[in-house]
Each structure stands twice: as structure tokens, then as C-alpha cells.
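Taking the hints into account, I'd like the entire structure generated from these sequences.
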Amino acid sequence: MTRSKAGGKIVEARELKKYFIAERGLFFGGKKWVRAVDGVDFHIKRGEIFGLVGESGCGKSTVGKLILGIWKPTAGRVYFDGRGIAEMDGGKLRKLRRRMSIVYQHPYSSFNPRMLVRDIVGRPLKAFEIAKGRRKEELVANALQEVGLNPEHMFRYPHEFSGGQQQRIAVARVLALNPDFVVLDEPTSALDMSVQAHVLNLLSHLQQKYNFTYLFISHDLNVIEHISDRIGVMYVGKLLEVAAKKELYQNPLHPYTKFLLEAVLTPSLKRRRKREILRGEVPSPITPPPGCRFHPRCPYAMDICRRKIPELMDVGGKHQVACHLVGKR
Amino acid sequence: MVEKMAKPLLEVRGLKTYFFTDEGVVKAVDGIDFDISKGEIFGLVGESGCGKSVTALSLLRVIPSPPGKIINGRVMFEGRNLMKISEKEMRHVRGAKISMIFQDPHSSLNPVFRIGDQIAEAIQLHQMTDKKEVPSKVAEALDLVRIPDPEDRMYQYPHQFSGGMKQRAMIAMMLACNPSLLIADEPTTAVDVTIQVQILELLKELRGKQDASIMLITHNLGVIAEVCDRVAVMYAGNIVEQADMAGLFRNPKHPYTHALLGAFPSAEKKRGELTVIPGFVPSLVNPPPGCRFHPRCPYAKPICTEEMPPVVKVNEGHWVRCYLYEGGK
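Protein sequences appear in the order of chains A and B. Sequence positions in the first sequence follow this note's numbering and run 1 to 329. Sequence positions in the second sequence follow this note's numbering and run 1001 to 1329.
Since the hints were made in silico from the structure, they are not lab data. These figures come from a predicted structure and were not determined experimentally. All C-beta atoms, glycine included, are put in the ideal place defined by N, C-alpha and C. Honestly, I wouldn't trust all of these hints.
Unchecked claim - No farther apart than 25 Å at their CA atoms in a straight line, the calculated lysine-lysine pairs in the PhoX-like style are these:
| hint | chain 1 | residue 1 | chain 2 | residue 2 |
| --- | --- | --- | --- | --- |
| 1 | A | K274 | B | K1209 |
| 2 | B | K1270 | A | K246 |
| 3 | B | K1269 | A | K245 |
Unchecked claim - Ranges of calculated distance between the beta carbons of each label pair, as one might list FRET restraints:
| hint | chain 1 | residue 1 | chain 2 | residue 2 | range |
| --- | --- | --- | --- | --- | --- |
| 4 | A | R279 | B | E1316 | 35 to 43 Å |
| 5 | A | K31 | B | H1258 | 52 to 60 Å |
| 6 | B | P1067 | A | Y108 | 38 to 46 Å |
| 7 | A | K31 | B | K1132 | 30 to 38 Å |
| 8 | B | K1313 | A | R114 | 53 to 61 Å |
| 9 | A | I277 | B | K1132 | 56 to 64 Å |
As the list claims (entries may be wrong) - Listing some non-contacts, in silico: residues in chain A with all C-beta distances to chain B over 12 Å:
| hint | residue |
| --- | --- |
| 10 | K17 |
| 11 | E23 |
| 12 | G39 |
| 13 | R46 |
| 14 | V53 |
| 15 | L96 |
| 16 | H106 |
| 17 | E138 |
| 18 | R156 |
| 19 | G163 |
| 20 | D185 |
| 21 | L260 |
| 22 | K274 |
Set out below in C-alpha cells:
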């Protein structure tokens, strides 16, 4: 692999926003918007695993799709290898896409059920005119072998495989293309514990071997802690905290991050300590609260939290947090 | 098997539930024994298809038939064998004495009736109550599960509740009938992590207040560690190990229990080195002879392939079905 080693930013998002129309007014105006992603700044370094964690509906999957250019952002910019992709035209974006890929939570729905595994895994090779015929089949066979499937399985249909195997097929499709950057959107959330372990190990091995960069999206704090180098915490369209894994888990600064970590359940007897339980419900992204998105549930909310949206600020040690409390100290 | 000072609330012996399908007889639950004491939270843990939900449905005799059938077994509950009593008597047990909540509260609630009416129906069906008292009982039940403004919320429809609130409303409905056993089948699998701890806390509280026993079915060992007193590990229709919490997490015996604990992702385990179980969950139409785990077990001996391992007592209240420990090893 001739891939430059760790270091520079491979992906950068600046003031990224994505609004969806929730409800159209009867006449002009009166439109309601879902603010799925509402001003997010972060970057991913080459060769790292960046974990993006948050509860359902916080906008983490939307961020993944914006970064790949699958969706156009409402505002803000995405840079891939220093080049802005939001304003790229089809042809240029296509060239860049060859270097990125995605694995979804439910692999089966990303397969054409009438295609053989050979054609599913080989599809990107064909689409990007990388290989065809014999050569393509060879690459597919190698990819299948690499993810622990029998190369002869390429002549089967996806429904003939178990959930864990289907996820391997999805990973093989990524591998055949051999991209630089992969978005993994809840890749193990639909799998049983023992199958999840298989897939997590596989993803770790491949990342090391090929020096892939991952954006690993998950709601599972145990998985995120296990796999990530750096972690971003999202809540209702906003990034609240970004830090290296160890730093985040040992020294969480945002109250929401603290509550999230309090909610982590582990199979050990360190349990049953009194947990700080977060009350209330996640607000709707259609009518997010003014100021800090978390203030209605935050036990430390001050007056300013209700008025002013806190900015994501550096607090030293490559630790960023968006909270008025932290700025004060 | 399990000596207890007081008689257990529920005593299950030799329970077998088979499904007669075109592909053959699926031995979903194949001879299991366990007890649940009064006021205890008993966990049943295992991966998908191991028979844990079928066990719960069998206790209530609500196995879809055909194709399902309870072949054998004794379920002693409050002095009666639930497998022998008439359907009419059974109807007085369901809901009133043993009630159940499911993973997806959305499909258990009727979308066209108000939440309050649905809870009222449960109260009126199972308890002789003065009609005038019903609304206050409903509000009381919702208040118990911490639904804010219960007097207003009871007049809302399920779609106006969030996922976590719907699950709490389901729990309220169950508890309004004062059951002595609550079966919770993956009650937190469909909710977010911060809501998960809210619901588990609620279950713990209710055990304390109402002195109800809870049978908690889950695939998540973290959930088990958080709330249970005792736990049974299920694999391919059999219980392979049963222990109290200290026994299970400090001194796990069965190779499958070991593997499950090793597969749980955490920061302490190195990336790419989670324990994996080779092979697949066996077909329950043709389960492997002897110990059902032997094809995937790293310690399998010749005898494991021939005969079902005996129950070996490890400690008071801790037993394992495994030849490794036979003869006091």
C-alpha cells in the first residue's frame, strides 16, 4: 500500500448544516425544518478511527452522508484531502468518491437481492472502471478471502448468508475498492454479541493492515470506546465535545458527555453504584431549544445557556467542548 | 437442584417447546429448569434464536399453535401447575398475576386508543374496581413510572409519546394490575442509552415497592450486571449455566459464558482481540448430539459429542452443564 502515513487531515467539516423539510405550509412560508445537523466543525486525521457517538436522531448518520457527498449540505463546507466537495461537479466528485466508501447498519438493504455476491462486491470496480472480467473476479475473490468468506461464495446470492456474513460482504465491497476513507454507520448494531466481536476484530485488522481512516458512527459507548482513537459527541444536531478517547472517558467536560458515560453498562460487578440519571427527553430537532441544546435537561444550566449557543472551544490538550460552564473556569 | 429456604414463586422443570415446521421439528426450548424467588430479578441471557423469548411465551402459554407446542414441562406458580390448568383459569393468570412487556412498545399499544384508556382496560379486566376510581388509578400508575403531568398525558395517543415514554406506559399498564411476576423481554433494546438506565432504574424500584419478581430477558450482559440477582445463560435451547451475579462475573464456568464475556467490547481489550466463537449457532432442527456447544467449543472432549453433559454444582446456587467440571474439577 502506498498510502501516506498518519498525520494530516483527510476530512474536515466546517460549520456544516443540513436541514430537511418536515412540513410544508399551505401557502408561502410556514415551512418547518428538521435541523438534523446544525453547525458542526471537526476534522479526521489520516489513519485514525474517529468515533461519532450520540443518541438516535442526533444527526450522526447525516454527518456521515454529508462527508461522503451523498447529500449536499444546506450550509457549510466539507473538505476531502483539502478539496471542497460540496461545490464539486459530478465528474470531479466521482473521481474523489473512488477513495471513499460506506458500510451501513443493515447491509442487506444496500445489496441488490438479484445480484450475485460477485457482482455486488465487484460493482465499485466496474463503476470506477478499475477492473473487469478475470481481473475483477480475482480482486473479488481476494476481498472475500480477506474478510473470512470462501471465495466460492461469490456465486451465491446475498440472502443465503447470515447477518454477520452479509456485513462481511459489505466490508469486502469496501475492500475491493481499496479506498482511503470509510464511513462505518452502526456496522455492528444489528448483530449478536459474538458476531459483533468478529466484525469489530475484522474492521480493526483491516484498518491496521491498509491504514484506512474510519469515521465510526455508533450509539454504543462500549463499542466506541473499544475502537476509536478520537471521539466526537453529538446532541440534537450539534457537536458538544471532541477529544482523544482516553481524555474523553477519563475527563469528560460537557455535562451531557458525563451523563452518557454514566449510562454505560458493563458486564462486571463494578455495577450498582448510584448512577447519575439524566431526566427528561431529547428535544425535537424541528423546534430545538434556544441557546445550548442541552440546557433544558442540564442540572447546571445558567441564564446564558438559555440565550447563547456555546461555541466548540479548545480547552487545551486537543480537547474541545461547547459549554458555557467550561469557558468560565 | 436449587435449594431455597422459601418456596420459589415460579418453578420450571423440564420445559420443552417445539415448533413443527415443514423443515422439521425446531427444538426451540429443549428441557430447561429454573426457579424464580419472590422479589428477585432473574436474568435470562443469550443470543438471538437461543430460545429465551420462547421460554417466556411458554410460561404464559401463548405460543402460536400451530406450529408451536409445549411438549413437556411443569411450571409451578403459586401452588398450581400452569401447564395443567384450564384456558379459563390461565386467563386469570395472564396480566393479573404474570404480565409481560416486549422490546417494541409501539407494537403493543393500540394506536387509535388513548394511553389512559388502554391502561384503564387492563385495570378493569383484571381488578374489581369502582368505575369512578379508574381515572385516578390510571394517573397514579403513570405517575409511578414518572410520566410528567399524568392527568393530561393519559388523554394522549401513543404517537404523542416518545419511545422511552411508551415503554414506561407499558410498564405502568402491567403494574396497575399488581402482578407477582413481570416478564420483561428485551425492554431496553429499542431505546437510547440514557433512557435505558431510566427504565432499568424503574424496574429495580418497582421490585422494591411492589415486591414483584421480574424475569428479565436480554442479550446484553451489561444490562444483566446492572439489575439482576441471578442469571441463566441460554444456548441453542438449553440453559448451560446458572449463577448468582458474583458467580457469573467473577467465576464464569461454561466456555460459552466465557466467550460471551470476552466478546463484550471494552477499552481494556486490545483492538482486534475480542474473543470470537468459531462457527455458527447450530440449527435447532438438527442440533448437534451431546453438548450443543461442542462444535464451537475449544475444550470439547470426545464425550461432549455423545451425551448431554450433566448438571455440575459449582457452588450454592451456581451450576453448569459441562463435562469440564465433572468430578469436582
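Verification of the supplied hints:
With a C-alpha separation of about 18 Å, the suggested pair K274 of chain A and K1209 of chain B falls inside the 25 Å cut-off, and the hint holds. As the CA atoms of K1270 of chain B and K246 of chain A are separated by approximately 14 Å, the hinted pair is consistent with the 25 Å bound. Straight-line distance between C-alpha atoms of K1269 of chain B and K245 of chain A comes to about 14 Å, which keeps the hinted pair within the 25 Å bound. With their beta carbons about 40 Å apart, R279 of chain A and E1316 of chain B fall inside the hinted range of 35 to 43 Å.
Between K31 of chain A and H1258 of chain B the Cβ separation comes to about 56 Å, which falls inside the hinted range of 52 to 60 Å. Between P1067 of chain B and Y108 of chain A the C-beta distance comes to about 25 Å, which lies outside the given range of 38 to 46 Å. Between K31 of chain A and K1132 of chain B the CB atoms are about 47 Å apart, so this pair departs from the stated range of 30 to 38 Å. At about 55 Å, the beta-carbon gap between K1313 of chain B and R114 of chain A stays in the expected band of 53 to 61 Å.
Checked against the hint of 56 to 64 Å, the pair I277 of chain A and K1132 of chain B fails, with Cβ atoms roughly 36 Å apart. At the 12 Å boundary, the C-beta of K17 of chain A stays outside the reach of chain B, the nearest C-beta of that chain being 23 Å off. With a least CB separation of 15 Å from chain B, E23 of chain A remains clear of the 12 Å interface cut-off, as annotated. Listed as outside the interface, G39 of chain A is consistent with that label: its C-beta sits roughly 22 Å from the nearest C-beta of chain B, beyond the 12 Å cut-off.
Residue placement check: R46 of chain A keeps its beta carbon more than 12 Å from all beta carbons of chain B (closest about 18 Å). At the 12 Å boundary, the C-beta of V53 of chain A falls inside the reach of chain B, the nearest C-beta of that chain being 9 Å off. Distance check on L96 of chain A: its Cβ is at least 28 Å (rounded) from any Cβ of chain B, clearing the 12 Å threshold; non-interface status holds. At roughly 15 Å from the closest C-beta of chain B, the C-beta of H106 of chain A stays outside 12 Å, upholding its exclusion from the interface.
Every Cβ of chain B is farther than 12 Å from the Cβ of E138 of chain A; the closest lies at roughly 27 Å, confirming the non-interface assignment. In this structure R156 of chain A is separated from chain B by more than 12 Å, as the shortest Cβ-Cβ distance comes to about 16 Å. Its beta-carbon lying about 9 Å from the closest one in chain B, G163 of chain A breaks the requirement of being farther than 12 Å from that chain. Every Cβ of chain B is farther than 12 Å from the Cβ of D185 of chain A; the closest lies at roughly 17 Å, confirming the non-interface assignment.
Its closest Cβ contact with chain B, about 7 Å, brings L260 of chain A to no more than 12 Å, contrary to its assignment away from the interface. The non-interface label for K274 of chain A is inconsistent with chain B: the shortest C-beta to C-beta separation is roughly 10 Å, within 12 Å.
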